[in-house]
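Peer 1: Residues per chain, in single letters:
Number of protein chains: 4
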Amino acid sequence: MYVSETKIRVRYAETDQMSFVYYGNYATYFEVARVEALRNLGVTYKDLEDSGYLMPVIEYKIKFLKPVLYDEELFIKTTIRDMPKARIRFEYECFNPKDELTNTAETTLVFLRKETRKPCPVPSVIRKTIEDFFQD
Amino acid sequence: MYVSETKIRVRYAETDQMSFVYYGNYATYFEVARVEALRNLGVTYKDLEDSGYLMPVIEYKIKFLKPVLYDEELFIKTTIRDMPKARIRFEYECFNPKDELTNTAETTLVFLRKETRKPCPVPSVIRKTIEDFFQD
Amino acid sequence: MYVSETKIRVRYAETDQMSFVYYGNYATYFEVARVEALRNLGVTYKDLEDSGYLMPVIEYKIKFLKPVLYDEELFIKTTIRDMPKARIRFEYECFNPKDELTNTAETTLVFLRKETRKPCPVPSVIRKTIEDFFQD
Amino acid sequence: MYVSETKIRVRYAETDQMSFVYYGNYATYFEVARVEALRNLGVTYKDLEDSGYLMPVIEYKIKFLKPVLYDEELFIKTTIRDMPKARIRFEYECFNPKDELTNTAETTLVFLRKETRKPCPVPSVIRKTIEDFFQD
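Protein chains in written order, with the numbering used here: chain H, 466 to 601; chain S, 466 to 601; chain A, 466 to 601; chain C, 466 to 601.
In case anyone wonders, no lab produced these hints; they're calculated from the structure. The structure presented is a predicted model; accordingly, all values stated were derived computationally and were not measured. Cβ atoms here follow ideal geometry from the backbone N, Cα and C, with glycine treated the same way. Be careful, since some hints might not be right.
As the list claims (entries may be wrong) - Below, in silico cross-link-like pairs of lysine-lysine (PhoX-like), each with a Cα-Cα straight-line distance of 25 angstroms or less:
hint	chain 1	residue 1	chain 2	residue 2
1	C	K563	A	K531
2	C	K528	A	K526
3	A	K528	C	K563
4	C	K583	S	K511
5	S	K472	H	K526
6	S	K472	A	K579
7	C	K579	A	K528
8	H	K542	C	K579
9	S	K531	A	K511
10	A	K472	S	K511
11	H	K472	C	K593
12	H	K531	C	K511
13	A	K542	C	K526
14	H	K542	S	K528
15	H	K583	A	K563
16	S	K593	H	K528
17	H	K472	C	K472
18	S	K531	H	K531
19	A	K472	S	K542
20	H	K511	C	K563
21	C	K583	A	K563
22	H	K528	S	K563
Said to hold, decoys possible - Some chain S residues flagged as far from chain A (calculated, every beta-carbon gap over 12 angstroms):
hint	residue
23	V468
24	I473
25	A478
26	A492
27	V497
28	E524
29	P532
30	D547
31	R554
32	D564
33	K583
34	C585
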């Protein structure tokens, strides 16, 4: 299991007239969270793309427990629970500054070859850096 | 069961450098789809808010089957399968111009009183217009 | 001079907690407005890209006169005042459903060759369809 | 004159299929930049709203000099050149990691009373913290 933590401050642009963060904007927060999770491993998503891979999301689920407000600094805990193979799954727990759990989510991504847009196994640069976290 | 159909054209702003619609932007398409579904019933979400209700999303799930591309006119089929009570659930099927199913999703929303931000039953204006679709 | 008209309905996602459309979101409305202005001429921006051109914005200005509200159907009048050469300039006037002018804006775009990302003159497909509007 | 500096990393969501940051997304970066400029003075925009003010943008201009790319950490220099009275003007210079100037922009905002949505002079909490920077 690999766990990473990220902080993100809510922008005004991300609120809606309900004075909550718009429900569609969390997807971007989780993008940041998983990119930072990889960066903490020494892998940047940018380098992955530059070396010929794409990682589109194929499934996304979120449950909203409490609204998130403008200017709150969110704390997102990102977990990779299973060793990635053809897919990589990230789970997210998002906390507000009062340490209340505001939502939980998960995304599943696949690996594609950029040129062919065909699926491929987890790139070795990810596999090598992450496999230590999944030893028995 | 109540079914409604909406067309939405993909904006350049909604693509990302993968040349697909960014995975977070579908939430906005579904917002448009369910607002139009209600409008087709004679209920505008704006009027609902003006009459003292809010309808935040409490759960959202999406499965991505095929990428959606810039300038494609999407056809979204929105279904309310169950008579709304404390919650209202919308299911979405999104088709591209080749009539291929590109993704399926669902959102569950609750009804809140705007003043108190407390849950309440389905507003009568929705209940009355929709209940004819759920007769045995 | 070439003038085109487009209607766009404000989405909830585009509002902010001031209950106005967020100031950054008009750029997307103007993208839609100029793409529709070209489409009305028989040119799609998608085809332009597919035939090897890009049209990045190099300058954008907007003055906000009145706030725009959720669910309003905006009427945008797009004007190309000068025959495009190395650049193309679009001017926008945005009206709300009460026919009040809510903002005025302009964008200047250049033409790039997609492969080289180098500037080039206006593509002939645009020049040919538009030059009739600029006869003396 | 008051100058503040902010760093912002480009998110994937903010790119478009040209592989540049979408031209409309800079507005959000400048929102972050001016909010951080105020925070560095000890004033949060959130507190301003909570104490009864709104600060809508009434004018925005941007010139794009170089494209900005995914994952770049931008350095934004925000300048308040004139003592704010009925209006406050922020100027922005945005640099990429190679220290190249990628765009310049400015926004003018007014102060409104939240309740009445009527203009008012610069709130004293801003005036007091900022006036030291505008002594002769």
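Peer 1: Do the alpha carbons of K472/H and K593/C lie within 25 angstroms of each other, as the hint requires?
Peer 2: 31 angstroms, violated
Peer 1: Would the pair K472/H and K472/C pass a check requiring their Cα atoms to be no farther apart than 25 angstroms?
Peer 2: Within the cut-off at roughly 14 angstroms; holds.
Peer 1: Take the C-alpha atoms of K542/H and K579/C, compute the straight-line distance between them, and say whether it is at most 25 angstroms.
Peer 2: 36 angstroms, violated
Peer 1: For D547/S, is the shortest beta carbon distance to chain A beyond 12 angstroms?
Peer 2: 23 angstroms, holds
Peer 1: Would the pair K583/C and K511/S pass a check requiring their Cα atoms to be no farther apart than 25 angstroms?
Peer 2: 24 angstroms, holds
Peer 1: Can the restraint linking K472/S and K579/A be considered satisfied, given a maximum Cα separation of 25 angstroms?
Peer 2: Judged against 25 angstroms, a Cα distance of about 30 angstroms means the pair is violated.
Peer 1: Can you confirm whether the C-alpha distance between K531/H and K511/C stays at or below 25 angstroms?
Peer 2: With Cα atoms ~19 angstroms apart, K531/H and K511/C stay inside 25 angstroms; holds.
Peer 1: When you look at the beta carbon of D564/S, is every beta carbon of chain A farther off than 12 angstroms?
Peer 2: 19 angstroms, holds
Peer 1: Does the structure keep K542/A and K526/C at a Cα separation of 25 angstroms or less?
Peer 2: With Cα atoms ~20 angstroms apart, K542/A and K526/C stay inside 25 angstroms; holds.
Peer 1: Regarding the assertion that V497/S does not contact chain A, is the least Cβ-Cβ distance greater than 12 angstroms?
Peer 2: It is violated; V497/S is separated from chain A by about 6 angstroms at its closest Cβ, not greater than 12 angstroms.
Peer 1: Decide if the proposed pair is consistent with the structure: K472/A and K511/S, CA atoms, cutoff 25 angstroms inclusive.
Peer 2: Answer holds: K472/A to K511/S is near 18 angstroms, not above 25 angstroms.
Peer 1: So if I understand the rule, the pair passes when the alpha-carbon distance is 25 angstroms or less; does K531/S with K531/H pass?
Peer 2: This hinted pair is violated, its Cα atoms lying about 32 angstroms apart.
Hints 1, 3, 6, 8, 11, 15, 16, 18, 22, 24, 25, 26, 27 from the earlier list are contradicted by this structure; the remaining hints agree with it.
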